[in-house]
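*Asks:* Sequence:
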Amino acid sequence: MDKTYEPQAIEQAWYRTWEASGYFQPSGTGPSYCIAIPPPNVTGSLHMGHGFNNTIMDALVRYHRMQGHNTLWQVGTDHAGIATQMVVERQLAAHNVTRHDLGREKFLEKVWEWKAESGGTITRQLRRLGSSVDWSRERFTMDEGLSKAVQEAFVRLYDDGLIYRGKRLVNWDPKLHTAISDLEVQNEEEKGFMWHFRYPLADGSGHLVVATTRPETLLGDTAVAVHPEDERYQHLIGKMIRLPITHREIPIVADDYVDPEFGTGCVKITPAHDFNDYEVGKRHNLPLINVLDRDARILREFTVLTFEGYAGTHGEQAPAAYAGLDRFEARKQVIAEFENLGLLEKIDPHTLKVPRGDRSGVVIEPWLTDQWYVDAKTLAKPAIEAVEEGRIRFVPQQYENLYFSWMRDIQDWCISRQLWWGHRIPAWYDHQGRVYVGRNEAEVRAKYSLDASIELRQDDDVLDTWFSSALWTFSTLGWPDTTPELKTFHPTDVLVTGFDIIFFWVARMIMMTMHLMKHPDGSPQVPFKTVYVHGLVRDAEGQKMSKSKGNVLDPLDIIDGITLEALVAKRTTGLMRPQDAEKIEKRTRKEFPGGIAAYGCDALRFTFASLASTGRDIKFDMGRVEGYRNFCNKLWNAARYVLMNTEGQDTGLTGECSYSLPDRWIRSRLGQTIAATIAAVEDYRFDLAARAIYEFTWNEYCDWYLELAKVALQTGDETQQRGTRQTLVRVLETLLRLAHPIMPFITEEIWQRVAPLAGQSGATIMRHAYPQAESWPLDAEAEQEMRWVMDVLMGIRRIRGEMKIADGKAIPVLLQNGSAQDWAYLAHNRDFIVRFGRLESLGRLEADEAAPEAAIALVGELKVLIPMRGLIDKEAELARLDKEIQRLGKDAPRIEAKLNDPAFVEKAPPQVVAKERTRLQEIQASLTELHAQVEKIRAL
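If you read the sequence shown in UniProt numbering, its first letter stands for residue 1, the second for the next number, and so on.
Everything labelled a hint here was simulated from the structure, so no lab data went into it. One should not assume that every hint holds.
[What the hints assert, rightly or not] Using 30 Å as the maximum straight-line C-alpha spacing, the simulated DSBU-like pairs for lysine-lysine come out as follows:
(1) K167 x K447
(2) K115 x K167
(3) K110 x K148
[Claimed, not checked] The following label-pair restraints were derived from C-beta to C-beta distances:
(4) V913 x L888: 15 to 23 Å
(5) S118 x Q672: 46 to 54 Å
(6) T351 x E682: 44 to 52 Å
These numbers were taken from a predicted model, which means no experiment stands behind them. All residues carry an ideal CB built from backbone N, CA and C; glycine is no exception.
Assemble the whole structure, with the sequences as input and the hints as a guide.
*Replies:* Structure (structure tokens):
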């Protein structure tokens with residue numbers, strides 16, 4: 001093995017070997033285990049959430065593969081409708097071409113060309129993370145098989161009365177000209193205004209004051225609502241308002257939706273342009289007046305509808321001054337006109353949540369339009385029951401409540417998008433607008449007995465990408481065909497996902513799967529048995545990672561390293577305002593003055609695993625990555641030491657072995673560690689699994705056992721040396737298999753050298769059995785005795801540290817007040833204690849013997865005494881301690897004064913105040929310890 005651990009030298013080479021050898025494919029034997037990867041967008045690149053999510057999935061997959069399961073990690077990517085279409089449209093725009101210039105067919109050819117050339121970035125990055133997915137089964141949500149599945153699902157749901165076309169409010173993007181999902185809307189706080197308008201009563205007896213942040217929607221108002229118990233307005237309920245500008249008469253209605261404490265307690269109701277107003281309008285059967293076109297410009301003729309089947313469509317002429325105006329120009333004009341009419345009460349500054357499209361950046365408009373919907377309420381019932389009955393469990397369980405709250409108040413799902421890239425809706429229309437649904441036009445004509453003379457036009461819309469994703473667990477396995485993979489691997493075992501898409505993806509997968517997938521007895525299948533929900537990866541301060549904040553980290557930069565200048569260039573793009581780019585550059589240079597070092601994949605993966613607790617947020621700290629890179633170094637160096645002491649020698653594969661106390665102890669501790677690790681993985685507590693592996697490797701195997709093993713190797717007889725060499729290699733080989741699911745590369749590299757010495761053979765660690773605790777039975781007697789030895793040695797070390805006695809200085813030690821058990825342990829382990837305590841002598845005092853002036857450590861009732869006379873320069877040490885006490889004594893009053901100053905406590909950032917309080921506590925603790933040391937030395 002090389003002297004230095006260099007992850008870049010081994011990781012990518014091992015991955016290529018694994019993939020080329022087919023090790024990621026199912027073995028074909030054992031019980032099945034399957035995970036379907038949440039399909040990343042084909043346009044995307046890896047972010048920290050992907051890194052965390054894939055680490056957890058890969059750890060589970062490698063663990064179950066080694067447990068003997070027939071394991072499939074199904075991989076694939078999502079076609080990302082809006083994102084992909086935007087990428088290609090931008091490329092065309094660079095050549096002054098639009099998709100409309102090309103036409104639908106030619107444009108889609110360009111998209112497929114882009115996908116072939118540039119769509120593999122995310123899959124290359126998944127490989128760099130060590131994800132052991134079955135690349136031979138890679139799928140794409142627009143491939144032929146999945147297109148067939150999507151078409152089949154739509155037709156079946158339609159025929160079952162669960163898909164319909166209707167006119168409802170949607171999130172409309174006026175730039176992209178499509179409906180978008182809630183997940184594609186970013187609601188961020190922006191500074192704006194609240195305009196207070198007077199709405200005159202129709203009978204001339206006065207007015208009401210309404211407050212709004214969107215004055216332009218006044219053109220579509222159909223009521224003013226007040227709370228039914230608001231005494232200020234109860235006498236007005238049922239009266240009419242004459243709406244300024246449009247001169248439309250609208251009623252005053254009573255509705256619990258209104259908050260009497262907010263604003264004036266009067267709310268303008270615009271059912272066609274606000275989701276809450278839509279529900280109020282439905283309750284009171286108000287007209288819906290759409291005043292905007294697809295570009296969010298004022299229509300020349302408003303569309304007036306009713307809630308009763310949206311019947312009775314008729315028009316209303318827009319005020320002439322507004323027709324064709326952009327919504328924000330119309331806003332200015334409404335405000336100006338109200339001011340001229342003397343109806344502008346006041347304007348207040350107001351911070352509000354503004355919905356913007358995450359792709360386009362424009363303000364999203366609630367817009368009334370014809371779309372396709374899934375009857376989610378009907379599908380939700382069995383999906384709720386599946387979780388209630390335990391057929392699907394959430395980990396942590398608390399997320400069941402979030403799931404239930406969403407599902408029990410679910411709205412129908414808008415599944416159509418006004419795009420060209422995506423699964424085109426399999427519906428056709430005749431010249432009268434009648435709709436026909438089928439898998440293709442020929443089937444439609446046969447299904448509905450349509451004459452060949454009737455012209456049909458296919459729907460131009462495509463399906464929401466979440467529709468095809470909702471079929472992911474079974475469509476990727478070959479549905480609607482009955483394939484061997486579908487029989488073997490469905491339902492899948494676990495879904496690993498963030499809490500933010502429980503509704504958008506998890507719930508929809510459950511609903512769609514349970515309707516479309518059945519067991520042989522006809523009962524519905526679930527898509528997965530467990531949903532492991534993890535938090536979102538944030539920066540070390542708990543802030544959400546975002547490009548605007550300049551705190552985004554790319555996991556590949558942590559794995560392979562990046563220079564400071566490259567990192568600055570990556571974080572500050574030309575689209576930023578100069579002042580924002582300057583702020584981000586300053587932050588980056590302060591946080592990473594030397595860029596980011598190459599830590600390797602294993603160190604990053606171990607960091608992610610160590611952070612995988614049950615908390616909602618995951619605070620990512622680069623310091624932890626550095627710590628786990630050191631852990632990799634520790635394991636590497638331990639392996640080199642073991643190989644130097646065992647290669648070319650008898651490692652107990654044959655012949656008699658005898659085991660020392662340290663041998664027996666480390667074997668027993670390994671069994672306990674295996675049990676703890678397996679229990680943690682089975683419970684989805686990867687943080688506890690990582691901790692068990694880390695503590696055993698670093699604190700027990702490396703820090704204690706490797707040192708203690710030297711005694712047998714150097715002084716033991718042949719059977720003892722053989723037993724210790726056997727223990728060295730077998731414990732290390734087992735430890736490598738134990739850690740492999742989290743740290744695949746370093747464990748494979750070391751295992752190749754260690755395995756033959758431990759009697760193991762095979763091409764790869766990942767196809768070997770995962771360790772079992774029963775192979776390493778508990779040796780309680782050895783653990784108890786070894787704990788006594790370690791406590792004595794740690795007591796000696798503690799005194800050395802407290803008294804500043806050099807580690808290399810041989811010192812005398814006396815033991816007193818021991819039990820018969822203590823003296824028996826001493827007799828067995830004197831050589832260990834003398835050698836590793838670096839002792840000049842180790843004596844025993846009877847309980848009634850007078851002890852010299854000494855520093856004392858206790859091991860139970862046993863006293864460990866180190867006589868101090870002659871070991872230190874008493875006066876010099878007292879002088880040193882006094883100097884340190886004086887220094888800290890000056891700092892403490894200064895910090896106390898600052899914390900006692902109300903101006904500082906109130907005005908300083910909370911983290912600064914907390915830091916000062918912590919520093920004061922540390923100084924006070926240090927002073928207490930220093931004074932105690934002074935007293936000990938003076939007593940000598």
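*Asks:* Indicate, hint by hint, whether the structure satisfies it.
*Replies:* Right, here's what the structure says about each hint:
1. K167 x K447: 26 Å, holds
2. K115 x K167: 34 Å, violated
3. K110 x K148: 22 Å, holds
4. V913 x L888: 15 to 23 Å: Given about 21 Å between the Cβ atoms, the range holds.
5. S118 x Q672: 46 to 54 Å: Once the Cβ atoms are compared, 50 Å apart, the range 46 to 54 Å for Q672 and S118 holds.
6. T351 x E682: 44 to 52 Å: Given a distance of about 47 Å, which is inside 44 to 52 Å, the answer is holds.
This entry does not satisfy hint 2, going by the numbered hints stated previously; all others are met.
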